[in-house]
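Line order of the protein sequences matches chains A and B. Take 1 as the starting number for the first sequence in this note's numbering and just add one per residue. Take 1 as the starting number for the second sequence in this note's numbering and just add one per residue.
What the hints contain is simulated information worked out from the structure, not anything from laboratory work. Yeah, the Cβ is synthetic: ideal placement off N, Cα and C, and Gly gets one too. Careful, some of the hints might be misleading.
Claimed, not checked - Heads up, incomplete: computed chain B residues facing chain A, CB under 10 angstroms, no partners named:
| id | residue |
| --- | --- |
| 1 | Glu31 |
| 2 | Leu50 |
| 3 | Gln53 |
| 4 | Phe57 |
| 5 | Glu58 |
| 6 | Arg68 |
| 7 | Glu88 |
| 8 | Ala107 |
| 9 | Arg112 |
| 10 | Ala128 |
| 11 | Ala129 |
| 12 | Leu138 |
What the hints assert, rightly or not - Using C-beta positions, here's what the derived DEER-type ranges look like:
| id | chain 1 | residue 1 | chain 2 | residue 2 | range |
| --- | --- | --- | --- | --- | --- |
| 13 | A | Ser99 | B | Arg68 | 47 to 55 angstroms |
| 14 | A | Leu95 | B | Glu78 | 22 to 30 angstroms |
| 15 | A | Arg171 | B | Arg179 | 55 to 63 angstroms |
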Amino acid sequence: MTQQFDLLFDPLFRLPFVTGALLSVLLPVLGLYLRLRQEWLAALGFAHLAAAGGVLASLTALPMVASAMTLAGLGVVSQAAFRRGGNDAYAAMILLGWSVMLLGASFSHHAKMLGQALVDGQLYFTGSEHFWAALALALVVIALMPRLSPRLLRARLFPGQDQANGHSVRRLGIGFNLLVAASVGLGATAVGVIPAFALIFVPAWVAFALAPGWRPAVILAPALALAAYLVAFVGAMLLDLPIGPVLTACLVLLVPLRLLGRR
Amino acid sequence: MADALLTVTDLVAGYRGPVVGPLSFSLYPGEVVGLTGGNGVGKSTVLRALTGQATRFEGAVRRRADSRYAYQDQQPPEIQELPLRAGELLALNAGSLPTTLPARLNALLDQRVDRLSGGQRQLLLVWAALLHPGEILLLDEPTNNLDTDGEALLVATLSELPAGRGALVISHEPDFLDRVADRVVEVGRA
Numbered sequence: 001m002t003q004q005f006d007l008l009f010d011p012l013f014r015l016p017f018v019t020g021a022l023l024s025v026l027l028p029v030l031g032l033y034l035r036l037r038q039e040w041l042a043a044l045g046f047a048h049l050a051a052a053g054g055v056l057a058s059l060t061a062l063p064m065v066a067s068a069m070t071l072a073g074l075g076v077v078s079q080a081a082f083r084r085g086g087n088d089a090y091a092a093m094i095l096l097g098w099s100v101m102l103l104g105a106s107f108s109h110h111a112k113m114l115g116q117a118l119v120d121g122q123l124y125f126t127g128s129e130h131f132w133a134a135l136a137l138a139l140v141v142i143a144l145m146p147r148l149s150p151r152l153l154r155a156r157l158f159p160g161q162d163q164a165n166g167h168s169v170r171r172l173g174i175g176f177n178l179l180v181a182a183s184v185g186l187g188a189t190a191v192g193v194i195p196a197f198a199l200i201f202v203p204a205w206v207a208f209a210l211a212p213g214w215r216p217a218v219i220l221a222p223a224l225a226l227a228a229y230l231v232a233f234v235g236a237m238l239l240d241l242p243i244g245p246v247l248t249a250c251l252v253l254l255v256p257l258r259l260l261g262r263r
Numbered sequence: 001m002a003d004a005l006l007t008v009t010d011l012v013a014g015y016r017g018p019v020v021g022p023l024s025f026s027l028y029p030g031e032v033v034g035l036t037g038g039n040g041v042g043k044s045t046v047l048r049a050l051t052g053q054a055t056r057f058e059g060a061v062r063r064r065a066d067s068r069y070a071y072q073d074q075q076p077p078e079i080q081e082l083p084l085r086a087g088e089l090l091a092l093n094a095g096s097l098p099t100t101l102p103a104r105l106n107a108l109l110d111q112r113v114d115r116l117s118g119g120q121r122q123l124l125l126v127w128a129a130l131l132h133p134g135e136i137l138l139l140d141e142p143t144n145n146l147d148t149d150g151e152a153l154l155v156a157t158l159s160e161l162p163a164g165r166g167a168l169v170i171s172h173e174p175d176f177l178d179r180v181a182d183r184v185v186e187v188g189r190a
């Protein structure tokens with residue numbers, strides 16, 4: 001146990017720790033807006049496409065993170081091109097991504113290892129490209145959300161209002177989904193497919209029940225996720241467990257907090 | 001007379017095919033124009049054709065160059081669970097909350113919109129359109145779900161419309177249109 005405790009402060013794990021912390025703040029904020037748009041299944045669809053992109057990258061010797069984010073982004077582009085939205089499209093992405101990931105993994109040992117890591121969730125193996133991508137995305141979200149947030153809220157609550165004055169609601173949706181796809185793609189390759197989905201889905205779900213307003217929700221969701229991540233990181237290190245399932249379990253333990261919400 | 005905010009000439013509108021029209025009318029600053037007609041004649045389609053949500057098959061719509069729409073849809077958004085205060089919702093359209101609001105709305109500002117009754121939510125959505133800075137106010141069945149006090153509040157507010165604004169109001173209630181509208185236009189099927 002002492003050896004495991006020492007690992008907590010090992011410089012080798014500092015970068016993965018900070019990368020995971022950045023994703024734990026970034027993904028729940030995006031999750032709030034996905035839930036607002038009633039499109040939370042998109043996170044699972046993009047995560048599976050990203051996983052397929054990661055495995056295909058390992059077969060073709062392309063950069064893994066960029067390929068994963070690109071394939072998730074292609075999901076958004078094709079959805080826009082065919083004008084297909086909603087859960088049917090995201091279900092198709094889940095099925096396509098899952099089958100491509102597992103079929104691709106059967107072609108080489110390295111692809112199989114990568115596919116397994118994407119399923120298990122192994123934050124410890126993330127490198128500097130994950131960190132810089134997470135930092136860049138976090139900065140993009142900080143820069144864009146003050147302008148995007150009211151437009152996304154208006155598009156949900158007053159669907160015809162912005163369109164009436166010549167502002168494209170469709171372009172807004174595509175732009176936001178590209179941001180989500182890139183973030184989920186990065187999250188899936190860093191912490192695993194299901195943990196990335198859990199970071200998007202659970203904190204936003206709890207915040208929707210508990211927060212007294214939108215601004216409190218934007219603070220509460222990432223705060224809950226960060227707390228769960230810190231517990232999961234320490235717990236996984238001390239108990240020598242893969243962080244993905246531990247993080248997912250910690251996030252799921254937050255769900256009963258919804259019962260505290262007043263209806 | 002000032003330039004019209006909106007001039008609609010021989011408009012035929014619909015979705016896959018024509019639903020309503022031909023219809024012609026104008027809206028001037030300071031004026032409230034009522035649109036009336038039986039169920040299903042396409043009153044809401046007229047507003048949707050103005051806002052780009054329905055197709056214009058024939059005719060012309062000319063909007064004063066510097067004007068914008070403030071639009072309240074007949075179908076309120078389905079809200080099951082949403083952590084948004086009523087005050088936050090109003091500020092989305094208004095930019096910031098005005099210092100003076102009717103007492104009935106003031107009482108709702110800190111409440112979550114998903115915890116309001118249907119009538120309270122309707123009042124809020126109508127006021128969100130009223131607070132929007134758009135010069136052309138489009139209200140589609142604003143009295144749906146409103147109680148007598150809420151309707152009286154709306155009548156009083158529309159009666160004191162600022163000089164630069166005009167309102168196009170759809171209602172199936174002749175009494176309401178009698179009280180608020182300067183003119184009423186009958187809408188017929190295409």
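Against the structure, the hints come out as follows:
1. Glu31: violated, 19 angstroms
2. Leu50: Result: holds, 7 angstroms to nearest chain A Cβ.
3. Gln53: holds, 5 angstroms
4. Phe57: At about 19 angstroms, which exceeds the 10 angstroms cut-off, the nearest Cβ of chain A leaves the hint on phenylalanine 57 of chain B violated.
5. Glu58: It is violated, given that the least Cβ distance between glutamate 58 of chain B and chain A is near 21 angstroms, above 10 angstroms.
6. Arg68: With a closest approach of 5 angstroms, the arginine 68 of chain B hint holds.
7. Glu88: For glutamate 88 of chain B, the interface hint holds, since the closest Cβ of chain A sits about 5 angstroms away, which is under 10 angstroms.
8. Ala107: violated, 16 angstroms
9. Arg112: Given a least distance of 7 angstroms, the restraint on arginine 112 of chain B holds.
10. Ala128: Status holds, d = 7 angstroms.
11. Ala129: Where the cut-off is 10 angstroms and the nearest Cβ of chain A is about 8 angstroms from alanine 129 of chain B, the hint holds.
12. Leu138: With a closest approach of 8 angstroms, the leucine 138 of chain B hint holds.
13. A:Ser99 / B:Arg68: 47 to 55 angstroms: holds, 48 angstroms
14. A:Leu95 / B:Glu78: 22 to 30 angstroms: Taking Cβ atoms as reference, leucine 95 of chain A and glutamate 78 of chain B lie about 28 angstroms apart, which means the hint holds.
15. A:Arg171 / B:Arg179: 55 to 63 angstroms: violated, 41 angstroms
In summary, the numbered hints that this structure violates are 1, 4, 5, 8, 15.
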